[in-house]
Structure formats: C-alpha cells, structure tokens
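So the sequences go chain by chain: A and B.
Everything in the first sequence is counted per the numbering used here, starting at 1 for the first residue and increasing by one.
Everything in the second sequence is counted per the numbering used here, starting at 115 for the first residue and increasing by one.
Any given hint could be a false lead.
[Stated by the list, open to error] In silico DSS-like links for lysine-lysine, alpha-carbon gap of 30 Å or less: (1) A/Lys-40 x B/Lys-210; (2) A/Lys-40 x B/Lys-190; (3) A/Lys-36 x B/Lys-195; (4) A/Lys-19 x A/Lys-40; (5) A/Lys-36 x A/Lys-18; (6) A/Lys-18 x A/Lys-40; (7) A/Lys-41 x B/Lys-171.
[As the list claims (entries may be wrong)] Not everything, but these chain B residues come out facing chain A in the computed CB check (under 8 Å): (8) Glu-155; (9) Ala-156; (10) Gly-214.
By construction, these hints were calculated from the structure, which means they are not laboratory data.
Glycine residues also receive a C-beta, built at the ideal position from the N, C-alpha and C atoms.
In case you want the letters, here they are:
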Amino acid sequence: ETGVTQTPRHLVMGMTNKKSLKCEQHLGHNAMYWYKQSAKKPLELMFVYSLEERVENNSVPSRFSPECPNSSHLFLHLHTLQPEDSALYLCASSPQRQGQETQYFGPGTRLLVL
Amino acid sequence: GQNIDQPTEMTATEGAIVQINCTYQTSGFNGLFWYQQHAGEAPTFLSYNVLDGLEEKGRFSSFLSRSKGYSYLLLKELQMKDSASYLCAVRDGDYKLSFGAGTTVTVRA
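Using the sequences provided together with the hints, build the complete structure.
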C-alpha cells in the first residue's frame, strides 16, 4: 500500500473547466513534488514544496497553480488547460534528510483535456 | 540544461541478465537513482548511488562512475514481473531530480 495517495485517478476536462488534483502523504515527509509524465518523455518536475514553502518552479504555465496548505497535502489547480496538457500527473514526497533522500510517488492522475 | 540518456527499449529472456546503461551531463551531482515503473503505476525506488562503485541489492545491482558520467542497472535472473520501464534520475541539488526518458524492458518466456 502506497504512503502517497492521489485523487482523482482519472480526469477528463474541457479547456474551459477548472479542476483540482489532490495529493496526500502519510509518511511524515517534509517535501512534496508535482511531476508531469507524457508518453515517451522524461518526468518533468513542475513544483517543489519544502515545509509548505515553494522552493522550485520550473517555468510552468500559469494555468497550473499549486497549493500546499500543510506538509501532508498538496494540490494542483487547473484552469483553461490545453490538449497538450494531457498527461499523467504524479505527486511525490521525500523526507528531506541528507543522503539517500528517496522520493516516494503516488499512483498519479491520468488527465485528458478535450 | 540537464541531459540524461538511456536506451528506449530492451528485450531479454526469462532467467537471463540485462544491463541498462545511463549517461548523464548535469550542472551538479548529488546522487543517482534508479526507479522501476510498471505500466499504469507509480515509479518505485530501486537503488541509489552517490559514490563510485557497485551497489548490490538482491537480483538488482547499480554501478556509478562519476568521472565518466555513467551508471548502469543490472537485472539478474530475470522474471516475467521485471517487465517494466526503468528510469534513471540524477539529483543535481537539494531537491531536483532530472529523469531520463526510461528504458522499457520486455522479458520473454
């Protein structure tokens, strides 16, 4: 059983919709991440939060808006998306210790933008 | 930018050995990770190397040469359940992991 959960698992939305992806980690970690995974492409880091503060923002379009209300929860708010935003969105968390700081991934949300 | 290369696909027979190579050129280096990802599932951690040499963990081993910007993941005694995508990732700072596109391994009976 994974310590990182994501909802919904699948989402279909139109370009004018507003939706939110939710991630929750039950591992007591301090850092949380959003990644985008498109077919045959590397995982792309979108956002990083450490202790509820955003520490990394990789030139992501403003139609993606993250929110981290506490160290256990992470949201990705979506609005006016484009068809090319269709992808698997993965959330991850890590303990933020020195050394082997493994990231633990959630199952992902499969997003289709029509 | 970061550049992490690994082969797209590999096929091997059950019981055999497969070696997945990964070369990287990154602005910094703070460890290299290998993840396994089955279709439709989350990536799961396999191994971590930060010093040169071989790390062995059961049927899986990972090697790192920092001077060559090179790593490999060795899968021994292949099983059908090992059919998956294997992701090489380099941590180049405190948080950021840069990933390769993944190597799809198909194990045949």
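To see whether the hints hold, each was checked on the structure:
Restraint check for A/Lys-40 and B/Lys-210: satisfied, since their Cα atoms lie roughly 20 Å apart, inside the 30 Å limit. A C-alpha spacing of about 25 Å is found between A/Lys-40 and B/Lys-190, which places the hinted pair at or below 30 Å, so the restraint holds. For the hint linking A/Lys-36 to B/Lys-195, the alpha-carbon distance of about 25 Å falls within 30 Å, and the restraint holds. Note on A/Lys-19 and A/Lys-40: the hinted pairing holds, with a Cα-Cα distance of about 26 Å set against a maximum of 30 Å.
The hinted pair formed by A/Lys-36 and A/Lys-18 meets the criterion: a straight-line CA distance of about 18 Å does not exceed 30 Å. Pair hint A/Lys-18 plus A/Lys-40 holds up; C-alpha atoms about 27 Å apart against a cutoff of 30 Å. In summary, the hint linking A/Lys-41 to B/Lys-171 is supported, as the alpha carbons are separated by about 28 Å, within the 30 Å threshold. Of the supplied interface hints, the one on B/Glu-155 holds, with its beta-carbon coming within about 7 Å of a beta-carbon of chain A, less than 8 Å.
Against a cut-off of 8 Å between C-beta atoms, the interface hint on B/Ala-156 holds, since the closest Cβ of chain A lies about 4 Å away. For B/Gly-214, the interface hint holds, since its Cβ comes within 8 Å of a Cβ in chain A; the closest pair sits about 6 Å apart.
Hint check: no violations occur; every hint is consistent with the structure.
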